[in-house]
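Starting from the known structure of chain D, arrange chain L on it as the hints suggest.
Those protein sequences? They're chains D and L, same order as listed.
Residues are numbered in our numbering as their position in the first sequence, beginning at 1, plus a constant of 1363.
Residues are numbered in our numbering as their position in the second sequence, beginning at 1, plus a constant of 2.
Read the hints as simulated data drawn from the structure, not as lab findings.
We put the CB at the ideal spot given by N, CA and C, even for glycine.
Accuracy of the hints is not assured; some may be wrong.
Covered stretches of chain L (in silico footprint by chain D; criterion: 3 or more residues with CB under 8 angstroms from a CB of chain D, positions within the stretch not fixed) [to be verified]:
#: 1; stretch: 36-45
#: 2; stretch: 110-118
Label-pair ranges, simulated between beta-carbon atoms [as the list claims (entries may be wrong)]:
#: 3; chain 1: L; residue 1: K22; chain 2: D; residue 2: T1389; range: 34 to 40 angstroms
#: 4; chain 1: D; residue 1: E1439; chain 2: L; residue 2: K43; range: 21 to 27 angstroms
#: 5; chain 1: L; residue 1: A74; chain 2: D; residue 2: A1380; range: 26 to 32 angstroms
#: 6; chain 1: L; residue 1: C15; chain 2: D; residue 2: G1404; range: 19 to 25 angstroms
#: 7; chain 1: L; residue 1: H87; chain 2: D; residue 2: T1383; range: 39 to 45 angstroms
#: 8; chain 1: D; residue 1: A1380; chain 2: L; residue 2: K22; range: 40 to 46 angstroms
#: 9; chain 1: L; residue 1: S91; chain 2: D; residue 2: G1404; range: 16 to 22 angstroms
#: 10; chain 1: D; residue 1: Q1444; chain 2: L; residue 2: S91; range: 33 to 39 angstroms
#: 11; chain 1: L; residue 1: T84; chain 2: D; residue 2: Q1408; range: 28 to 34 angstroms
#: 12; chain 1: L; residue 1: G3; chain 2: D; residue 2: E1378; range: 26 to 32 angstroms
#: 13; chain 1: L; residue 1: K16; chain 2: D; residue 2: S1421; range: 45 to 51 angstroms
#: 14; chain 1: D; residue 1: Q1408; chain 2: L; residue 2: E54; range: 23 to 29 angstroms
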Amino acid sequence: GNSVTQMEGPVTLSEEAFLTINCTYTATGYPSLFWYVQYPGEGLQLLLKATKADDKGSNKGFEATYRKETTSFHLEKGSVQVSDSAVYFCALRSGGGADGLTFGKGTHLIIQP
Amino acid sequence: GAVVSQHPSRVICKSGTSVKIECRSLDFQATTMFWYRQFPKKSLMLMATSNEGSKATYEQGVEKDKFLINHASLTLSTLTVTSAHPEDSSFYICSARDMGQGFGYTFGSGTRLTVV
Chain D
1364 GNSVTQMEGP
1374 VTLSEEAFLT
1384 INCTYTATGY
1394 PSLFWYVQYP
1404 GEGLQLLLKA
1414 TKADDKGSNK
1424 GFEATYRKET
1434 TSFHLEKGSV
1444 QVSDSAVYFC
1454 ALRSGGGADG
1464 LTFGKGTHLI
1474 IQP
Chain L
3 GAVVSQHPSR
13 VICKSGTSVK
23 IECRSLDFQA
33 TTMFWYRQFP
43 KKSLMLMATS
53 NEGSKATYEQ
63 GVEKDKFLIN
73 HASLTLSTLT
83 VTSAHPEDSS
93 FYICSARDMG
103 QGFGYTFGSG
113 TRLTVV
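With the rest of the complex left out, here is chain L:
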């Protein structure tokens, strides 16, 4: 079945630095990828939708200059958390739609970001 690889699974960074998270569709092409954020005991919150070759669409309240999304190919989307602060610490999950499987959603395993 469709597989989405998300890397890294865990990352610790210092305040003020930037962190890049990668999301790859391994065996299918994904024209659309999604980035979610999950707080402890909270639901996954959609942050943005990225379409290959175009700008991402951000949900209300998400700072697009802080959370940079690039979807340069049909198999790779990246989320860069810029000038990270401790309040950016969270669990980030990507998802991709598989054009060949009825546009079903496949999720990555998530990235635990800790900003110290």
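Just chain D, with the same shape it has in the complex:
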């Protein structure tokens, strides 16, 4: 079946540091890949997505590239801010027609001033 593996936190960084949150997946077919962010007390929000190999999703300074050869979708940001502190979830939607998302366990990111 489908699965998503992402680094578990918490990940603690200083403001303006470079961020990488690793995400790898196992899926049949050609899945779409997503990063969601959950701020304290709020629902999950779509951060970025990519629907085919080599696509790069980007939003709010975050980027992730769909790498089919390594089955990865690592999240990166060049300079993090305190306001980026949240829980980040990597997820996939199978290309086989099923609509529900398969999530990773989430990575708690803490940015210190």
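This is chain L only, laid out in the frame that chain D set:
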């Protein structure tokens, strides 16, 4: 943007009672809604997919008689946890697909259920 309202945000109930959780799409119609369950330090696990006007599709291992899902309109889906037990205590999150926004997913804020 699309908003999904989930209610209640927290609920405590006694063992053996039933609890209903509502999920509403506020400014769009959602033909498909999803219910997830999240355990501490675990990923969100898809429980079931509900389509307006038809029966929900449950994931393997999810008891459909315990977790009743009703999707009677394009803006409302409900999850009822029947005869709740302490092991049903968890964080439940709903999600809806917005037909008008490329079928993107919008999530509710979740419901923390505690069964005592």
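Checklist entry - Failing hints, ascending? => result 5
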